[in-house]
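**Q** In case you want the letters, here they are:
2 protein chains.
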Amino acid sequence: MTELKLEKCKIAVDAMGGDYAPKHEILGAIAAMKENKNFDLILVGDKEKILKVARQEKIELDENVIYHASQVIEMGDKPIDSIKSKPDSSLVVGAKLVRDKKAHAFVSAGNTGAVAAVSTLIIGRIKNVERPTIGSFIPSETNDTYLFDVGAFVDVKPQHLLEYAILASIFVKELHGIKSPSVALLNVGEEEEKGNKQVKETAELLRKSDLNFIGNIEGRDILKGKSNIVICDGFVGNIILKFGESVPSFMKYLLKQHAEKNIFEKIKIGLFKNTLKKALSPLNPDLYGGVPLLGVNGISIIGHGSSSPLAIKNMILRAKEMYDKNLIKKFEEALKTYAIKK
Amino acid sequence: MTELKLEKCKIAVDAMGGDYAPKHEILGAIAAMKENKNFDLILVGDKEKILKVARQEKIELDENVIYHASQVIEMGDKPIDSIKSKPDSSLVVGAKLVRDKKAHAFVSAGNTGAVAAVSTLIIGRIKNVERPTIGSFIPSETNDTYLFDVGAFVDVKPQHLLEYAILASIFVKELHGIKSPSVALLNVGEEEEKGNKQVKETAELLRKSDLNFIGNIEGRDILKGKSNIVICDGFVGNIILKFGESVPSFMKYLLKQHAEKNIFEKIKIGLFKNTLKKALSPLNPDLYGGVPLLGVNGISIIGHGSSSPLAIKNMILRAKEMYDKNLIKKFEEALKTYAIKK
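Protein chains in written order, with the numbering used here: chain A, 12 to 353; chain B, 12 to 353.
Watch out, some of these pointers could steer you wrong.
Just so you know, same-sequence chains aren't split out, so a pair can sit in one copy or run between any two.
[Said to hold, decoys possible] Computed list of lysine to any residue pairs in SDA-like fashion (alpha-carbon distance at most 20 Å, straight line):
1. Lys288 to Leu266
2. Lys34 to Lys58
3. Lys205 to Lys253
4. Lys263 to Asn295
5. Lys69 to Leu52
6. Lys340 to Leu328
7. Lys113 to Asp99
8. Lys267 to Lys288
9. Lys205 to Asn337
10. Lys208 to Ser220
11. Lys205 to Ala128
12. Lys89 to Glu202
The set of hints was computed from the structure by calculation and includes no laboratory data.
On a predicted model such as this, the values are computed, not experimentally measured, just so you know.
Isolated chain A (complex conformation) (with noise of 0.2 Å):
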């Protein structure tokens, strides 16, 4: 990747993605490209399509930056058939852009499992990576927690959790300015002996790594922010992840059936409403563009189907973050080290 370094960075977006595709994905890549001018959109999607939308949206939108795609994956759609059975969706041509060094980075708001998978079997993975994976930055009260897997792959190995926290590592001091990022394993409850069979393993092998393995964490420890970095499978990550996303909704049900109790009560939540707003703003996900997708062999960032204009726009500016700072070289770098003491 890096003697692409010499030329301006690229960057793919799967105009045909999220669930308000082209509409956000225009919106964000046009708002990505007028808060940063150094790097090339390339809008992977329905070429008429697109522009109809721009044309709809007054957006001006350069034809030029679209590179036709006919079909779409939908949500029913098994990923990995897809890429037989829909060779020209916007997913596998935004992929392949990738894969023949035509682009840097892909950014996607499609369906995350079949964005997953497409884009580690045409990316391809970086050298002794098994397992890509998947983090979401969560809000805490550090404000530097990401959690990794949260859904790239479910019933992995201790030995994949360990690339896991290797690519985070790199991804959190590189992004977030951390020099030596804290590792910790999700677990239900702090003692070495406390766990199933595949955390105690991997506690193993990240006691003996050099990574900064500060032990077991618990369930209630994320949201404090006790470590840099949460180390779980994809099944449990997701879980957490999704439950979590819930919770401001219940917050609202629950003042809304409060209010109806009480006229006086429903005023003051009426009148507190936009402070509550403005409080919990940090726990909106448009604000972190999207999760990166790690381990394989270029950027590649997926967002929630929901992905708003803000949130594409983060995503772009995201990748492109991640290609000035040559992350994947770095991955590479850190892995090859890595091997040589397995």
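On the provided structure of chain A, position chain B as indicated by the hints.
**A** Relative to the frame of chain A, chain B by itself:
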């Protein structure tokens, strides 16, 4: 157990279990007796300490309700070892009272793992139960959601998860008056092909059972109350439960952070504090009277270490309800039918 119904229900309370023992235990027990006179209390623990605290708190306590036990199991003690090393601990003595039919129920705010392990070993399991389970009430939009298992055992088999679902279905049916409680499997997606090996095999077993199995649900569906019973292994359940319990303090943190930004916002938050507290009161775990340990051959309820007197009171009343509804007998019957089928 049924023949015991001729006598008055006897509930043994571990007076030395919680972080504020024996004070909260005494206060909670007295409050329970005020609310329901129809049971006999047995306070298990250090007689002198209990009487001393009762005097300090100016509580009138009949010393005949105290069943002396000289030892206390601490957080650092290994649960199973303590049966031998601390045979006269309040936990071991309390469990033995149930085993020996001198009490119908045992209530403890001691270390969850210790109470579960010691109860299981001493009281024994109901026939056809391989793994007892701890379930927790989860506040949700429907207000009748339970998560099973939340930490009794990690490394479980699909067969155990089926047992949890059978026990939980009877518990929720009898205690919440829901005729056919819905059972869902916690997973990373709703589709049948989603998830790890364990959930796929468990789904198979649940589909074949005569439980009201509604399929997979995701992390975001728990607080929505999409299912009365949410089944997962103790590893996942424990992490979700503790994560959920940490949410209110994180909200408080976010409000405090926001208040510091601006004096007007600070005043607004101050004025709204009480309303918010009331609106979020359904999140108070003390309301739900601990978590039942199901599958042991007697009633066993486990509370938070930090249980308030209100929590202890509700745990005792919940134990009384389980006795009145003859739950152990009903578990036995259900598992008999089920055992013939398999």
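**Q** Next step is simple, just say for each hint if it's right about the structure.
**A** Outcome of the hint check:
no., hint, verdict
1, Lys288 to Leu266, "both (12 Å within a copy, 10 Å between copies)"
2, Lys34 to Lys58, "within (13 Å within a copy, 72 Å between copies)"
3, Lys205 to Lys253, "between (25 Å within a copy, 15 Å between copies)"
4, Lys263 to Asn295, "both (14 Å within a copy, 17 Å between copies)"
5, Lys69 to Leu52, "within (19 Å within a copy, 75 Å between copies)"
6, Lys340 to Leu328, "within (19 Å within a copy, 62 Å between copies)"
7, Lys113 to Asp99, "within (16 Å within a copy, 73 Å between copies)"
8, Lys267 to Lys288, "both (14 Å within a copy, 14 Å between copies)"
9, Lys205 to Asn337, "neither (38 Å within a copy, 34 Å between copies)"
10, Lys208 to Ser220, "within (19 Å within a copy, 29 Å between copies)"
11, Lys205 to Ala128, "between (33 Å within a copy, 14 Å between copies)"
12, Lys89 to Glu202, "between (41 Å within a copy, 11 Å between copies)"
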